[in-house]
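Here the protein sequences line up with chains P and G, keeping their order. Residues 0 to 345 in numbering that gives the first Met the number 0 are what the first sequence lists, from first letter to last. Residues 0 to 345 in numbering that gives the first Met the number 0 are what the second sequence lists, from first letter to last.
It is possible that part of the hints are untrue.
The list cannot tell twin chains apart, which means a pair is met if one copy fits it or any two copies do.
Below, computed lysine to any residue pairings styled on SDA-like, alpha-carbon distance capped at 25 Å [claimed, not checked]:
hint	residue 1	residue 2
1	49	274
2	49	317
3	49	283
4	76	145
The set of hints was computed from the structure by calculation and includes no laboratory data.
Number of protein chains: 2
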Amino acid sequence: MKATVYHAPGDVRVENVPDPVIREATDAIVRVTHACICGSDLWFYRGDAKWEPGWRTGHEWMGIVEDVGRDVTSLEKGDRVFAPFAYSDGTCEFCRHDVQTSCLHGGYWGGADNDGGQGEVVRAPWADGTLVKIPDAAANDESLLRAILPLTDVMGTGHHAALSAGVGPGAVAAVVGDGAVGLCAVLAAKRLGAERIIVFGRHAARLDLARRFGATDVVTERGDEAIARALEMTGGGVPAVLECVGNAGSMAMASGMARPGGTIGFVGVPYGSHDGLNLRRMFSQNIALRGGVAPVRAYAEELLADVLAGALDPSPVFDLDVSLDDVPRGYAAMDGRDAIKVLVRP
Amino acid sequence: MKATVYHAPGDVRVENVPDPVIREATDAIVRVTHACICGSDLWFYRGDAKWEPGWRTGHEWMGIVEDVGRDVTSLEKGDRVFAPFAYSDGTCEFCRHDVQTSCLHGGYWGGADNDGGQGEVVRAPWADGTLVKIPDAAANDESLLRAILPLTDVMGTGHHAALSAGVGPGAVAAVVGDGAVGLCAVLAAKRLGAERIIVFGRHAARLDLARRFGATDVVTERGDEAIARALEMTGGGVPAVLECVGNAGSMAMASGMARPGGTIGFVGVPYGSHDGLNLRRMFSQNIALRGGVAPVRAYAEELLADVLAGALDPSPVFDLDVSLDDVPRGYAAMDGRDAIKVLVRP
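Please build the complete structure, drawing on both the sequences and the hints.
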């Protein structure tokens, strides 16, 4: 089969690799119909994450089950499924506590050991625990499928940011970052009842989309100026800050603008964010930090129900579709900020 | 009057200073009967905090009201009161939300602008919001007063650590640090129903007291060895970690031993703890950080009721009494770890 393989910073290629086969009785083999390129893929693409040549790429995908191991009970050949970006057994202590990303037998797609989503077929470990079946009635509705696809990562991650920051009805929230996760965080905050959603970003088209998703205010300043604006706009700080970038600047903004007694929900993969964390302010003002890598499996059913009901549609984050062969062009577009998020059709 | 004045690292002196007088209609003048030396006083005593010669010292104190401003309604001359380590107006948004340490008109005792508790008399701003009246029946019971005194700081701070870390009935908790705050955190965790309390420290007498206070396990290793022990003892990490020191080593331990999905309650004043924070692990394992400078005013009535009922007694943390003139000797004893906590009798 064909799959995307990392070679070096700036160099990913679509190559022939061995067809996956069932290895464990809990596996499924899934033919990928839709996948994405993620902002976090840019960490290795830009050489910021330590990756090895030969590693597979892509952690957001959905597809159709082709085969299942003998212990798989909830799925069968022909089912349409989507996959959270982490696989998990569904039964361990951490899965039962909805921290599936800490599953005792779990892992992430791609890398050295697993198939990636940016390919034709994936062997999915712990299929019963991991894969989420899409009801047959929706299984061939392309516009619904595009709206479901972000549940593999960015929509669940935005939801995790909002939940972690304590967003509820009437909340005043800030979203730091206008990437796909930030945009989904806006949507999630709106869905959870936030009354005011201030988004911090620089990119006009993304900020327009943020407004469509429910942002009430847009701030294009950065750094200390952004903090000053946030403090002024909210009379002393933002109760719920959703940190959706992960670098030093975004975390400095988040920890500088949170309201005394407030909470930062952090979901941006930390590449430098430790340096930006204003721990002394967090201490002196009792600002909490919650979140982390999103257990999107925990949110799958709830968010899927809303998508199927027409109440949630994150699909506008996709502004470029590519074929599998064109995945390298998709990376270049994401890297150049020419695309918010790329949808891959193998 | 006499009061303790900072001169230089290692050099605090008891000197004559102007008698305080009512300045605002919301002030009270209180004659100090009991005060403490705090572990956090050692930051300036050791030269780690930037202090100026002439600043007053002492933020933990209780006493008898001598005079009140004309707007003070809840107190009168002769009342026995204790003071949280921060004063607060009791009416602003943050006071109403029990983050009195972020009071819009609040501040801390001592320093450049306020009287310190390690002196004969204190002018207390916002007396109605700040001072807590001790019922007359208890006002002259010396053993009760010694048990109430830690509510000015360390007992409320330990309670804040436990609450912030989510300790409740049946909890498994770790307390990092065997100073007075760590010991009070043990007492607080026990009081909130923790089933297992693992304390991390090095000092035999303090660890004995931790056991008296409810610690079920004592670990004397530090650093990575302590983390390994904690992970082993709890089968993968501690759900509620109470960080009661504030340096790099203690925060590295706290963030290294917390259980996936768990919470660190941090109350150690951050002097280096930012460097120790393992943010990548917190992200990958969804470990939260909550807490900060304790709003002990919020906990005063609840904890006072338990002390008066005989259900709570943190007074064993005091292992050295000194007169006001002997405050410098008290600092030296704390600095040398010859005393856990010093009680001052002006």
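Sort out which numbered hints this structure fails and list those numbers smallest first. 2
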